[in-house]
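Put together the whole structure using the sequences plus the hints.
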Amino acid sequence: MADGQNWIPQSVDVSVPSSARVYDYVLGGAHNFAVDRQMGDKIERNLPHVRSGARINRAFLARAVRFMVDQGVRQFLDIGSGIPTVANVHEVAQELDPECRVMYVDRDPVAVAHSELILAGNSHTAVLQADLRDPDSILNSGEVRRLLDFDEPIGLLLLFMLHWVPTEADPWGLMKHYREALPSGSYLAITHMADDHGNEAVHAATVMMNQAGGDQVVERGRDEIAAFFGDFELVEPGLVTFAEWRPSGPGDISADPGMNGIAYAGVARKP
Numbered sequence: 168m169a170d171g172q173n174w175i176p177q178s179v180d181v182s183v184p185s186s187a188r189v190y191d192y193v194l195g196g197a198h199n200f201a202v203d204r205q206m207g208d209k210i211e212r213n214l215p216h217v218r219s220g221a222r223i224n225r226a227f228l229a230r231a232v233r234f235m236v237d238q239g240v241r242q243f244l245d246i247g248s249g250i251p252t253v254a255n256v257h258e259v260a261q262e263l264d265p266e267c268r269v270m271y272v273d274r275d276p277v278a279v280a281h282s283e284l285i286l287a288g289n290s291h292t293a294v295l296q297a298d299l300r301d302p303d304s305i306l307n308s309g310e311v312r313r314l315l316d317f318d319e320p321i322g323l324l325l326l327f328m329l330h331w332v333p334t335e336a337d338p339w340g341l342m343k344h345y346r347e348a349l350p351s352g353s354y355l356a357i358t359h360m361a362d363d364h365g366n367e368a369v370h371a372a373t374v375m376m377n378q379a380g381g382d383q384v385v386e387r388g389r390d391e392i393a394a395f396f397g398d399f400e401l402v403e404p405g406l407v408t409f410a411e412w413r414p415s416g417p418g419d420i421s422a423d424p425g426m427n428g429i430a431y432a433g434v435a436r437k438p
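Just so you know, we're using the numbering used here here: the sequence shown kicks off at 168 and counts up by one.
Derived from the structure by calculation, the hints contain no laboratory data.
Each hint can be trusted.
Derived Cβ-Cβ restraints for the label pairs, each shown as a range:
{"no.": "1", "residue 1": "G340", "residue 2": "E211", "range": "32 to 40 Å"}
{"no.": "2", "residue 1": "N289", "residue 2": "D390", "range": "34 to 42 Å"}
{"no.": "3", "residue 1": "S351", "residue 2": "P424", "range": "33 to 41 Å"}
{"no.": "4", "residue 1": "W339", "residue 2": "D316", "range": "25 to 33 Å"}
{"no.": "5", "residue 1": "S182", "residue 2": "L263", "range": "35 to 43 Å"}
{"no.": "6", "residue 1": "N213", "residue 2": "E262", "range": "32 to 40 Å"}
{"no.": "7", "residue 1": "S304", "residue 2": "L284", "range": "19 to 27 Å"}
{"no.": "8", "residue 1": "P215", "residue 2": "P265", "range": "36 to 44 Å"}
{"no.": "9", "residue 1": "W339", "residue 2": "P438", "range": "15 to 23 Å"}
{"no.": "10", "residue 1": "E211", "residue 2": "V253", "range": "17 to 25 Å"}
{"no.": "11", "residue 1": "R212", "residue 2": "S290", "range": "40 to 48 Å"}
25 Å max Cα-Cα, derived SDA-like pairs, lysine to any residue:
{"no.": "12", "residue 1": "K209", "residue 2": "E386"}
{"no.": "13", "residue 1": "K209", "residue 2": "D362"}
{"no.": "14", "residue 1": "K437", "residue 2": "L263"}
{"no.": "15", "residue 1": "K437", "residue 2": "E266"}
{"no.": "16", "residue 1": "K437", "residue 2": "G340"}
{"no.": "17", "residue 1": "K437", "residue 2": "D303"}
{"no.": "18", "residue 1": "K437", "residue 2": "T408"}
{"no.": "19", "residue 1": "K343", "residue 2": "E386"}
{"no.": "20", "residue 1": "K437", "residue 2": "L315"}
{"no.": "21", "residue 1": "K437", "residue 2": "P414"}
{"no.": "22", "residue 1": "K343", "residue 2": "S308"}
{"no.": "23", "residue 1": "K209", "residue 2": "S219"}
Cβ atoms here follow ideal geometry from the backbone N, Cα and C, with glycine treated the same way.
So, in structure tokens, the structure goes:
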């Protein structure tokens with residue numbers, strides 16, 4: 168995407184890289200600025216297989232959504248949905264059942280602007296600009312309440328999101344708030360960067376991105392990540408690396424073994 172186009176929201180600081188736009192870039196998207204591409208290139212020089220890591224996370228999203236649809240879920244809340252790219256939640260879900268409803272939430276105005284363009288004409292989807300750390304602004308939003316029925320199961324997705332929430336902001340308390348709002352039979356899917364993957368190149372790339380300013384990654388251990396699910400029941404195979412969660416083919420796994428374990432993934436059901 169060319170920098171300086173007049174549609175760019177005035178609130179966007181194009182001098183600071185955005186996690187959503189860097190992620191879009193490494194996925195091969197076009198909705199990013201020069202500062203995001205520079206950061207993505209820096210990360211890739213230090214971590215040549217970073218693109219496959221982003222692809223694995225995207226592949227997990229598709230598998231998790233298909234699993235939830237198979238369990239009868241027909242509505243989804245994707246918080247931190249990012250800039251639209253291939254295999255969005257509504258594309259995966261509505262391919263299986265066109266009546267599936269999807270609410271996207273992101274705080275990045277570029278992500279929201281592009282989502283609005285892509286979702287125009289799809290009455291079963293909507294997008295909201297809001298911050299994960301303000302759950303009431305999401306859960307009590309008129310758009311969310313219009314599209315989603317909180318008396319029926321909901322699939323809540325937080326993929327590569329909670330590691331952006333600093334410990335002092337109490338991400339476990341935030342997740343408790345979200346879990347309590349979901350009706351029985353709902354599902355929660357999470358991916359989160361691990362601090363015990365043993366991949367020094369990944370850790371170095373994380374430090375480099377944090378030093379650039381803007382969003383900060385907090386790597387966490389398995390037990391800390393498991394606590395986000397609370398008393399929800401993890402489905403098989405439990406909380407595992409994101410390449411190990413029900414892979415269906417070579418596209419779900421990186422050719423670099425070191426990338427397969429950089430994040431944990433799990434899907435859990437509310438009793």
